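Just so you know, the protein sequences line up as chains F and G, in that order.
FYI, the numbering for the first sequence is 1 to 66, going by my numbering.
FYI, the numbering for the second sequence is 1 to 253, going by my numbering.
If you're looking for bench data, these hints aren't it; they were derived computationally from the structure.
Possibly wrong hints are sitting among the right ones.
[To be verified] Looking from chain G toward chain F, a few residues come up when the C-beta cut is under 10 Å (computed):
(1) L63
(2) H70
(3) R75
(4) E79
(5) H80
(6) G81
(7) R87
(8) M153
(9) R155
(10) E163
(11) Q193
(12) A222
(13) T223
(14) D225
[Claimed, not checked] Derived DEER-like restraints, expressed as beta-carbon distance ranges:
(15) G:A12 with F:S11: 18 to 26 Å
(16) G:E163 with F:P14: 20 to 28 Å
(17) G:A164 with F:P14: 21 to 29 Å
(18) G:R149 with F:P14: 18 to 26 Å
(19) G:D96 with F:S11: 32 to 40 Å
(20) G:A229 with F:S11: 23 to 31 Å
(21) G:D25 with F:P14: 13 to 21 Å
In this text, all values refer to a predicted model and were calculated from it rather than measured experimentally.
Where is the CB? At the ideal position from N, CA and C, for every residue including glycine.
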Amino acid sequence: MTDARVTQRPSYGPEKPVALVDLLDRLLGTGVVIAGDVVISLAGIDLVQIRLNALITSVRREMVGR
Amino acid sequence: MNGLYAYAITRALDADLSGRPGIEDAPLRLVELEGLGVVVSEVDLDEFGEDGLRRNLEDLRWLETVAVAHDRVARHLAEHGPTAPLRLATVFLGEDSLRARLAEWRDDAERALDRIDGRSEWSVKAYVDPATVAAAEPEEAPAGGGAGRAYLMRRRAATQQREAAAAEDARTADEVHEALASVAVAGRRLPPQDRQLTGHTGEMVLNGTYLVDDTEVDAFRATVDRLAATHPRVRVEADGPWPPYSFAGLETP
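The task is simple: from the sequences and hints, build the whole structure.
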């Protein structure tokens with residue numbers, strides 16, 4: 001018997017462009033973490049979170065232009 | 001010199017790497033171990049090595065390009081089987097070290113894939129209408145007492161009304177989140193997003209994200225609509241499906 005979960009996968013599109021902040025909420029946040037022999041993955045994430053505040057002005061400028 | 005940018009963990013049988021390139025159009029490749037696979041593409045370590053990342057992660061344009069490419073790969077993989085996305089900028093120096101890590105995390109990765117199988121992530125945000133955020137009309141001061149006292153009383157009344165509204169908004173956000181989390185498989189609250197980053201109107205009182213059975217999406221969306229109707233003060237927006245970024249952590253039981 002076919003498992004409905006296996007055969008009917010949704011379309012992930014995305015239907016419209018994905019908002020950067022939504023991406024960063026998820027890509028910088030949780031998800032699978034593999035430690036060891038990984039180049040600066042975790043330390044780099046912390047750096048980004050600290051620096052993001054400083055980048056608000058430049059992002060705002062970019063968004064006005066869209 | 002190249003490293004391997006790792007996008008997600010999948011079951012090796014499910015991985016379909018055709019038709020979707022990775023970062024800078026590099027081809028996707030699968031590094032397998034005992035039925036599990038990590039989907040990777042080659043990247044230049046000048047750009048993605050330790051120094052390169054330190055530099056580039058501060059460049060929002062670079063960050064956006066990489067995040068969008070990573071997400072596109074995760075979405076493509078999710079269409080073919082349960083996919084546990086990795087965090088941004090997970091870069092391995094070689095296949096051997098990647099396989100060694102995969103061996104270490106094998107059991108937890110299997111559990112994560114089982115947990116998200118047949119399920120997707122849905123974002124639900126709630127905003128308070130900008131018109132209701134405007135400062136409340138201050139009360140008229142009572143007769144007598146002088147202009148100074150009247151001013152203070154108006155200020156206090158306005159502050160109290162604002163605080164009461166904020167408390168009500170927080171309760172509403174809690175109610176919406178609890179209701180959604182109870183119909184979903186799982187739910188979590190992300191920090192509300194800064195309006196300067198998103199350009200949204202009003203105040204974001206809930207930035208929720210939920211793991212939903214793909215067969216239950218219609219019921220979930222109906223719940224979102226019902227919550228929007230019963231809480232007229234807030235605007236509620238659902239967006240999905242997303243690959244299950246927030247629910248595929250190896251450390252989650």
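Here is how each hint holds up against the structure:
1. L63: Holds - the Cβ of L63 of chain G comes within 10 Å of chain F, reaching about 7 Å at its closest.
2. H70: Holds. Min distance 6 Å.
3. R75: Holds. Min distance 4 Å.
4. E79: With Cβ-Cβ at 5 Å, under 10 Å, it holds.
5. H80: For H80 of chain G, the interface hint holds, since the closest Cβ of chain F sits about 7 Å away, which is under 10 Å.
6. G81: holds, 8 Å
7. R87: Constraint on R87 of chain G satisfied, holds at 5 Å.
8. M153: Given a least distance of 37 Å, the restraint on M153 of chain G is violated.
9. R155: Result: violated, 30 Å to nearest chain F Cβ.
10. E163: violated, 26 Å
11. Q193: Status holds, d = 5 Å.
12. A222: violated, 17 Å
13. T223: Violated, about 18 Å.
14. D225: With a closest approach of 18 Å, the D225 of chain G hint is violated.
15. G:A12 with F:S11: 18 to 26 Å: holds, 23 Å
16. G:E163 with F:P14: 20 to 28 Å: For E163 of chain G and P14 of chain F the Cβ distance comes to about 39 Å; the hint is violated.
17. G:A164 with F:P14: 21 to 29 Å: violated, 39 Å
18. G:R149 with F:P14: 18 to 26 Å: This hint is violated: roughly 57 Å between Cβ atoms.
19. G:D96 with F:S11: 32 to 40 Å: holds, 36 Å
20. G:A229 with F:S11: 23 to 31 Å: The hinted range 23 to 31 Å holds for A229 of chain G and S11 of chain F, with Cβ atoms some 28 Å apart.
21. G:D25 with F:P14: 13 to 21 Å: Cβ of D25 of chain G to Cβ of P14 of chain F: about 19 Å, so the range 13 to 21 Å holds.
Going down the numbered hints, you'll see the structure goes against 8, 9, 10, 12, 13, 14, 16, 17, 18, while the others check out.
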